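Engineer: So the chains spell out like this:
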Amino acid sequence: MAELFGSPSSGKNPFEELTVIYVLYFDEARGHMPLLIYPDDRYKDDKTFMRPIKYHPIWFLSVNESDALDHIDLEFKGYTFFGKKFRAYSRREKRRAGLTGETPENIVIILSLPNKIELFGDDLIRHLTQDIKENFEKKIFQIIESEILKDDVIKSPKTKKIIDAGDNIKKQLRELIDNTTDHFFSTIIKKADASSIRMQKAIAYLAFKGIDVSHIHSENYKGSFSSIQLFDPNKKGEVNFIDKKPFILLKINIAEDSQELEILVQNNSLNEKKGLVVKITHLREYFEKEIMIELIDSWYAEEELVFISPIIPHIDEYIFFIIDEVSNEKLLSKRIDLNLIKKLNN
Amino acid sequence: MSDELIDKEEIIIRNYRTSDYQATLEILRELQTQFNIGLDETKWRETSGLRQFKPNLKRITLIAELKSTGQVASMGMLEAVKNNLGQYIGYLNSWATKKEFIGKGVGKILADRAIQILKSWGCEAVRINMAYKGVKRLIDIFGKVGFEPIIVVLEKKFD
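As they're listed, the protein sequences go chains B and E.
Heads up: the first sequence at position 10 corresponds to 9 in numbering that gives the first Met the number 0, and the numbers run straight through without jumps.
Heads up: the second sequence at position 141 corresponds to 140 in numbering that gives the first Met the number 0, and the numbers run straight through without jumps.
Since no wrong hints were added, every one of them can be taken at face value.
Here are the simulated BS3-like cross-link-like pairs (lysine-lysine), alpha carbons at most 27 Å apart as the crow flies: (1) 278(B) x 81(E); (2) 329(B) x 288(B); (3) 132(B) x 170(B); (4) 53(E) x 278(B).
These are calculated hints, taken from the structure and not from any lab test.
Keep in mind that this is a model prediction, so the values were computed, not measured.
Using the sequences plus the hints, can you model the full thing?
Structural biologist: Here it is as structure tokens:
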């Protein structure tokens, strides 16, 4: 992203160049505000640079709606911007009537990747959001407090102390982002299979950018065609699918003269899963309507199940959920667009 | 293979997997030849036997596999359908055993398991849809384990 604006960043993490990560919050007085930009904050006040960030559709979804979807994407000038939103604990005095110190902060994380490697976006934003939530959910409000106080003309010793504390947490947050991206590109994508065309294109892009991709493995390819050894068979032993999604949607079919939607889903783990709720809903005029709900007592390891839901006339968009009955955690949520499926089938 | 009954311990009863497609298709073909069950091979797809969930319907295809060889000996589809009185009725459909395993008790082991599953789903009763041809012999067999003929279904095929 940085190269688009003509100023490459310099840092120890070689993957900084690939992705720009924005941590933002909703300010009750000023609107969408950046807290931190990785690899550096230099574009924070650049309106052109920040345009896709400030108007990203993630801002217009409630946290619940955002939870229902893995992430929201926006494509702009050859880059895909992946957005995720969550609420964080707060004890910051708010500057708007009706809000209290305890009103949670709305945090938005957006990451941009060149379209050529956008297939890494799903996993990277998931890892980043998870790491940030785990480590900073209770203290991110201190960064917000510190950033607001920086605008004060006169700074008291108490104010300075709050600013220093916030800067310190911000530094830790930047380090965490640095470690997560470094770990993601150097370790996690090792576990991905390189046999798909999309993945091979992404690997080619990484190789072009001078990043060592020799560790990425292909299940099928046994030889090597170039010195970069994308598919080195000698490294096969160290590759495993460890970090994979618990459920995968294998196929969606429109069956029986378009009256039914057939969804094939696999338990992608090696363990039996118990107590799951499978729900299919559709959205109509902002209201979510449930059309199917099933309780799955046991879903065996690697078992494929078929869910058949009626198609509602004039409704083209459905959302498929797998939810843990006890923790209410959404294990899979996918938007299903009938028009897109029809186009693909033709 | 001798004519003796196969011991329960020698059989694994499990859910259908997509890898069972060919084996089940062969069994269904045998059934088609013998009883003309109306099998349309284009409609019995790889995923047709998977556990299926639909509003007011649950469906599983059970497979009886020979433990020693992994051979599919028998198959049967069970369904729980909610009727217009709000009750779930269980159905055993497409119940078939490979020729060489007929008369060895494999079908009975499979049916026992199916009935157990339908009970656990809260079904009020179990019904068996069977081919009309050769029905007397089958009614006698199922009669021994408590099944009675209660309805006759007539069918007219559309051209």
